[in-house]
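2 protein chains.
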Amino acid sequence: MRGVVQLSPELEGVQALLIASLALVQRRFADQLRTDLPVVNELCAHVERYHGKMLRPILVLLSGLAAHPDATHAAPESLLTEDHVTMAAVCEMVHMATLVHDDILDEAETRRRGRTLNALRGNEAAVLLGDYLIASAYHLCSQLASQDHALAIGHVSRVLCAGELLQIDHREDWSLDEPTYFQILERKTASLIAVACERGALISGASRAAAAALSLYGRRLGVAFQIQDDLLDLTGEEGTVGKSVGKDIEKGKLTLPLILHLATADQRERAETIRLIQSAAHPNSIAERASLADRLLASGSLARAHNTALDLVADAKAALETLSPTPARAVLERMADAAIDRSL
Amino acid sequence: MRGVVQLSPELEGVQALLIASLALVQRRFADQLRTDLPVVNELCAHVERYHGKMLRPILVLLSGLAAHPDATHAAPESLLTEDHVTMAAVCEMVHMATLVHDDILDEAETRRRGRTLNALRGNEAAVLLGDYLIASAYHLCSQLASQDHALAIGHVSRVLCAGELLQIDHREDWSLDEPTYFQILERKTASLIAVACERGALISGASRAAAAALSLYGRRLGVAFQIQDDLLDLTGEEGTVGKSVGKDIEKGKLTLPLILHLATADQRERAETIRLIQSAAHPNSIAERASLADRLLASGSLARAHNTALDLVADAKAALETLSPTPARAVLERMADAAIDRSL
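From first to last, the protein sequence lines stand for chains A and B.
Take the first sequence: its letter number 71 is residue 406 in our numbering, and every next letter is one higher.
Take the second sequence: its letter number 189 is residue 524 in our numbering, and every next letter is one higher.
Derived by calculation from the structure, the hints in this document are not laboratory data.
Please note: incorrect hints may appear among the correct ones.
Only part of the chain A face toward chain B is listed, based on derived beta-carbon distances under 10 Å [to be verified]: (1) Ile439; (2) Leu464; (3) Leu468; (4) His474; (5) Gly489; (6) His490; (7) Val491; (8) Cys496.
Okay, the calculated beta carbon distance ranges per label pair [unchecked claim]: (9) A/Arg639 <-> B/Glu377: 27 to 35 Å; (10) B/Ala355 <-> A/Ser614: 58 to 66 Å; (11) A/Asp405 <-> B/Asp366: 40 to 48 Å; (12) B/Arg384 <-> A/Ser614: 38 to 46 Å; (13) B/Arg603 <-> A/Arg384: 43 to 51 Å.
Ideal Cβ positions, reconstructed from N, Cα and C, are used throughout, including at glycine.
Required output: the full structure, derived from the provided sequences and hints.
This is the structure:
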């Protein structure tokens, strides 16, 4: 939970259950990665430090609670099963594999306040360790009671990679439009978050409708979360955010505030902004980045992007309204609010 | 089949069946990779040209024939199922994912006489496309009748990545010993080939004993195949081999002939060989490579490595003796011979 969301006292029961369950998830995660080869164990120990907010595992567990047919009358701790823990570890492992490979793509040097694997051990180890994480995730997923989960995880991994390929294909495309930007976000970020929610519900034996509601919640939350991430990359400071910032600009990735700004700018402003983006792309171009952020603030593009994220959070919470009111549902609602409440 | 093995007329029935089945495998492969994103389809079309000998699909199909309980009396074309075709496509896809990522690790510029994806489109596209191939393989594998196959493919993918990590951990380790070298080969090459054979047999409803015999065949064949590959990297020419050569030396990988040579050399010869390996590591150091190959030839290390591969081929063929004699078994035997009969 660490900082994702502040809970009021009445929700402390769910919080305690989550903390205990997340400890099991971390143990399953570590057990699954262990091998007879010390070199592999050592690399895995390094990436295990990347465990951050554990957003996806938390969503598997909370969705499993909120969508359970017995959600309103059974004790929450009786509702979570071994399969929930396994699925939570699978989602975290797929996510961590993408982080390890993303750091190669981004040439990032810090992640969760530690050095990235590619910076420490070279791109080769990072490519292979990411592959090892993916393979381990699928292997673990194939141990679940229903094969349907492995099919879903395989599918979402394809979608996720396709989204990242779409993103790099639009690198330095200063005409990137909103629909394409949202397609990229839906695929590369929202898809796995939606599956985490959906699978948590299905493992609980939830109705298709309840699982679909949670999937929609996850999808909207995921997009909101990514917009917030993009805002932080433009306006945040490394010390606060805990990972490299300014990477989107460096890699020629247009994000929502820039897309909104360019779409409404006149010809001259547009040309000047693109020039500024290009000069801000050089590492350590602090002044250019600050000037770009100022421009986005002045045109209202930062605020509009933030409002888009707020609307998505409202949609996410609305999707939960079909579920019975439970402490788990309340925590999911709070998490949606917290997703965009990280310091700008 | 293209060049893997020359068949005598009495085996032409199996050959025709293989050719027809491989066309289905290629179609399933292409169908599985297709998406709604043109950029992804375009990249996939490029790597589909990497289809080479289709060794792993052929082994799934032949094992499915040779280990089938009705192998001796039913028409071969009645023995292969949709699941054999799917598993063959899965094994090829996992293999191709490793090729795409290996080319990043090796910084290779040619593969199967075409330019590598990393050379053409950059490392980022290559990392992501490899991930897309792995995800697609798992997704396809989860569509098989039994979940046991997905578990096996997940497991072997972990073993394979761990083997590659072990290999890079021993880069420029001039004391690499034979047992560790064989551990690396067993994991990174033999494991997937063994699984291709085993799964082909199990899909046919073969006995555990028959599946184990084919798994052993694949394991020995895989190691023999990799030793031959390593020999070609030391002594082959790019025009003949069809891919970059000298890469093992460039990347500081000791292979069997070098390990055998260093293990038996006196102190002075050892020091000189290591110096020669280090200078041969620079690209285009043709003279140094030729001199190194001469030294390995003179000490008998090339011949000893080749003999090790021959012994493994004999073991592979011996493993097939428990199966009923069928045309499919005969082709598997010929393939074992052909594995080390590529031009040195």
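task: Run the structure past the numbered hints and jot down the numbers of the failing ones, going up.
output: Violated hints: none; all satisfied.
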